[in-house]
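There are 2 protein chains.
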Amino acid sequence: MPTETTSKRGRPGYDQQSVLRIAVDVFNRHGYDATSMGILAENLGISKSAIYHHVPSKGDLLKLALDHALGGLEAILEQPEAMTGPADARLEFVLRQTIAVLVERLPFVTLLLRLRGNTDIERDALERRRAFDHKVAALISAAREDGSLRQDIDPRTVTRLLFGTINSIVEWYKPGGSLSPEKLADDVITMAFDGLHAAA
Amino acid sequence: MPTETTSKRGRPGYDQQSVLRIAVDVFNRHGYDATSMGILAENLGISKSAIYHHVPSKGDLLKLALDHALGGLEAILEQPEAMTGPADARLEFVLRQTIAVLVERLPFVTLLLRLRGNTDIERDALERRRAFDHKVAALISAAREDGSLRQDIDPRTVTRLLFGTINSIVEWYKPGGSLSPEKLADDVITMAFDGLHAAA
Chain S
1 MPTETTSKRG RPGYDQQSVL RIAVDVFNRH GYDATSMGIL AENLGISKSA IYHHVPSKGD
61 LLKLALDHAL GGLEAILEQP EAMTGPADAR LEFVLRQTIA VLVERLPFVT LLLRLRGNTD
121 IERDALERRR AFDHKVAALI SAAREDGSLR QDIDPRTVTR LLFGTINSIV EWYKPGGSLS
181 PEKLADDVIT MAFDGLHAAA
Chain V
1 MPTETTSKRG RPGYDQQSVL RIAVDVFNRH GYDATSMGIL AENLGISKSA IYHHVPSKGD
61 LLKLALDHAL GGLEAILEQP EAMTGPADAR LEFVLRQTIA VLVERLPFVT LLLRLRGNTD
121 IERDALERRR AFDHKVAALI SAAREDGSLR QDIDPRTVTR LLFGTINSIV EWYKPGGSLS
181 PEKLADDVIT MAFDGLHAAA
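Heads up: the sequence lines are chains S and V, in that order. For what it's worth, UniProt numbering labels the leading residue of the first sequence as 1, then goes sequentially. For what it's worth, UniProt numbering labels the leading residue of the second sequence as 1, then goes sequentially.
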């Protein structure tokens with residue numbers, strides 16, 4: 001978008017992506033329901049009408065944000081490494097990539113994970129998230145049936161605990177710190193599959 | 001409290017514990033900030049003045065609820081099994097008991113884990129929660145220094161991932177279902193310490 005246009009309407013240099021990034025931060029801080037277009041405008045330092053220049057409504061911002069999170073996750077399952085080979089290797093690939101998407105798109109995935117499902121947009125997103133979770137759960141079951149995962153834990157429990165571990169990363173991980181996304185993924189995979197006990 | 005007294009003031013049979021339990025459910029559903037005494041009264045089916053008979057304020061209900069969650073957690077660390085013996089056995093004991101308290105006091109711990117820290121009561125509770133977390137983190141470090149936990153993961157990451165796994169239980173565990181609290185604790189400990197890979 002040419003600067004001439006934006007500078008006429010508010011703080012120059014905003015494009016839809018910057019508006020979206022700031023909106024997602026505000027949603028995560030205040031909750032989506034509690035965030036009005038007025039609060040958004042205040043945080044962006046532009047007028048409400050300038051926001052409408054970028055997106056027609058608050059719901060559209062939410063939709064764009066959730067689509068960015070879900071699109072990243074869904075694309076993982078279409079990679080060749082997720083589709084061919086032994087189930088346990090596919091599972092490891094999918095979990096590593098899930099962590100990578102989560103870290104790379106941290107505020108967007110945070111927003112997705114905190115959804116309450118009060119609007120159609122939220123319910124659609126939760127539906128897509130459940131579809132993703134079900135595909136990962138199917139991989140876990142396949143790896144267990146192959147005999148590569150232990151048999152003494154119900155696969156539903158395994159699925160819940162793995163997602164619990166991975167999703168909790170949004171609550172504490174600080175991008176740019178001493179723990180790189182790759183080492184984080186290594187650590188999660190090591191703990192989940194090999195356990196914390198030192199080798200005997 | 002004698003029934004004569006309560007029946008004069010509203011629905012008979014409520015005591016402070018029942019009021020507290022219902023209040024915690026309402027806080028978890030609507031968020032503490034968004035819950036007024038009016039909403040509480042509506043959910044209890046009694047008048048606002050009848051609530052004031054049980055507790056002086058919404059903050060007092062929050063304080064009682066958080067104290068129930070934190071009291072349960074803090075008591076774990078005072079058990080002999082948490083205080084003596086090898087660090088890895090103490091750690092395992094503490095994690096198992098943490099899961100037991102979490103399941104037994106599920107709505108109370110859920111409330112604790114979702115705190116945003118907007119009031120002094122919340123900040124005091126978060127302070128106590130941090131103190132608990134630090135003591136568990138110290139056990140993790142001690143078990144690692146003993147050589148019983150693997151050395152290739154930073155103890156801070158181990159702490160975050162273990163708490164992430166355990167705390168996420170509040171999001172999905174249904175008491176009274178086919179997964180008992182004891183089996184759940186076994187599963188978490190097995191996955192975290194021995195890993196999901198089938199023994200070779």
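FYI, nobody ran anything at the bench for these hints, they're computed from the structure. Incorrect hints may appear among the rest.
Which copy? The list can't say, so a pair holds if one copy fits it or any two copies do.
Derived DSBU-like pairs: lysine-lysine, alpha-carbon spacing no greater than 35 Å straight-line [said to hold, decoys possible]:
#, residue 1, residue 2
1, Lys48, Lys63
2, Lys135, Lys183
3, Lys174, Lys63
4, Lys48, Lys135
Hint-by-hint comparison with the structure:
{"no.": "1", "hint": "Lys48 to Lys63", "result": "within (19 Å within a copy, 40 Å between copies)"}
{"no.": "2", "hint": "Lys135 to Lys183", "result": "both (25 Å within a copy, 25 Å between copies)"}
{"no.": "3", "hint": "Lys174 to Lys63", "result": "both (25 Å within a copy, 31 Å between copies)"}
{"no.": "4", "hint": "Lys48 to Lys135", "result": "neither (41 Å within a copy, 48 Å between copies)"}
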